[in-house]
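There are 2 protein chains.
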Amino acid sequence: MKYDAEVKISLKNGMLNPEAATIQRALALLDYNVENTATVDMIKFTIEGSDQELVKKEVDEMCQRLLCNPVIHDYTIKISPKEE
Amino acid sequence: MKYDAEVKISLKNGMLNPEAATIQRALALLDYNVENTATVDMIKFTIEGSDQELVKKEVDEMCQRLLCNPVIHDYTIKISPKEE
Chain A
1 MKYDAEVKIS
11 LKNGMLNPEA
21 ATIQRALALL
31 DYNVENTATV
41 DMIKFTIEGS
51 DQELVKKEVD
61 EMCQRLLCNP
71 VIHDYTIKIS
81 PKEE
Chain B
1 MKYDAEVKIS
11 LKNGMLNPEA
21 ATIQRALALL
31 DYNVENTATV
41 DMIKFTIEGS
51 DQELVKKEVD
61 EMCQRLLCNP
71 VIHDYTIKIS
81 PKEE
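If you read the sequences in order, they're chains A and B.
According to the UniProt record's numbering, the stretch in the first sequence is residues 1 to 84, in order.
According to the UniProt record's numbering, the stretch in the second sequence is residues 1 to 84, in order.
No false leads were slipped in.
Pairs count within a copy or across copies, as identical chains cannot be separated in the list.
Mimicking SDA-like on lysine to any residue, the simulated pairs with C-alpha atoms at most 20 angstroms apart in a straight line are:
{"id": "1", "residue 1": "Lys82", "residue 2": "Gly49"}
{"id": "2", "residue 1": "Lys57", "residue 2": "Leu29"}
{"id": "3", "residue 1": "Lys12", "residue 2": "Val71"}
{"id": "4", "residue 1": "Lys78", "residue 2": "Gln64"}
By construction, these hints were calculated from the structure, which means they are not laboratory data.
Can you build the whole structure from these sequences, using the hints too?
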């Protein structure tokens, strides 16, 4: 069975985010005043597996080994049966 | 009143995504076989406004002027009253 996986990767609280700071400053220059700007990276893919829990465990392993840096990143994983 | 805005920016269908291709190849090297890998950038911020519809219009303007490149990007905007 195929599942859709969605991994959201954000910087841990307290980490400086120069990308978000730049966006906020650029918006301010255009007279849009916003606060608490943050950026999140999302990675989506389709994965084959027999069971939703097992797939989630596998994706968690991928995050630890490749997709995220656990020292600076928080991540959340969403697994759902693939939409046809 | 304050609103939470969430802008999701993805490449239009058919655009090559070297970042996603690299992730998928790197996962394959670690023996994780996934398909249809895609990346989405998310920008979140808090914005002050009088009315949800007006705020959405303003954020749409931000997307057109700064956050997205309408030639290559699709984007979706979600506005919700700020959680305390």
